[in-house]
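J.: I would like the entire structure built from these sequences, with the hints used as guidance.
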Amino acid sequence: MALNKITSYPDRFQAPDGTPFEVTPEGSLSLLALGYRGLMAWRAERIEAAKSVERSRAPRKA
Numbered sequence: 004m005a006l007n008k009i010t011s012y013p014d015r016f017q018a019p020d021g022t023p024f025e026v027t028p029e030g031s032l033s034l035l036a037l038g039y040r041g042l043m044a045w046r047a048e049r050i051e052a053a054k055s056v057e058r059s060r061a062p063r064k065a
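Take 4 as the starting number for the sequence shown in the numbering used here and just add one per residue.
Source of the hints: derived by calculation from the structure; they are not laboratory data. Here the structure is a predicted model, which means the values were calculated and not measured. A couple of the hints might just be wrong.
Here are the in silico distance ranges between beta carbons for each label pair [said to hold, decoys possible]:
# : residue 1 : residue 2 : range
1 : 55        : 17        : 19 to 27 Å
2 : 53        : 32        : 16 to 24 Å
3 : 64        : 36        : 42 to 50 Å
Just so it is clear, CB atoms sit at the ideal spot from N, CA and C, and this is done for glycine as well.
T.: Below you can see the structure in the form of C-alpha cells.
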C-alpha cells in the first residue's frame, strides 16, 4: 500500500482498492506505519473517544 495512494478523511482512511480502514482509539501498527498521517488520525480518534466518555459520565440535569 503506497502512502501517496491513501486517501485520508478526518475519521477514517481508505486503501487504494477502496476498502475502508477503521481508526480505533486503541490504535494499530498499521496506523504507525502510515507515519504522521496515521498518528494524527489516531490522536484525533483517541481525543474523540475521551470526550465521549466524559460526556457519558457527566451528571445529567433534571
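J.: The hint says 19 to 27 Å between residue 55 and residue 17; measuring C-beta to C-beta, is that right?
T.: holds, 23 Å
J.: Could one say that the CB atoms of residue 53 and residue 32 fall in the range 16 to 24 Å?
T.: holds, 22 Å
J.: Go ahead and decide if the range 42 to 50 Å is satisfied by the Cβ distance of residue 64 to residue 36.
T.: holds, 45 Å
Of the numbered hints given earlier, the model fails none.
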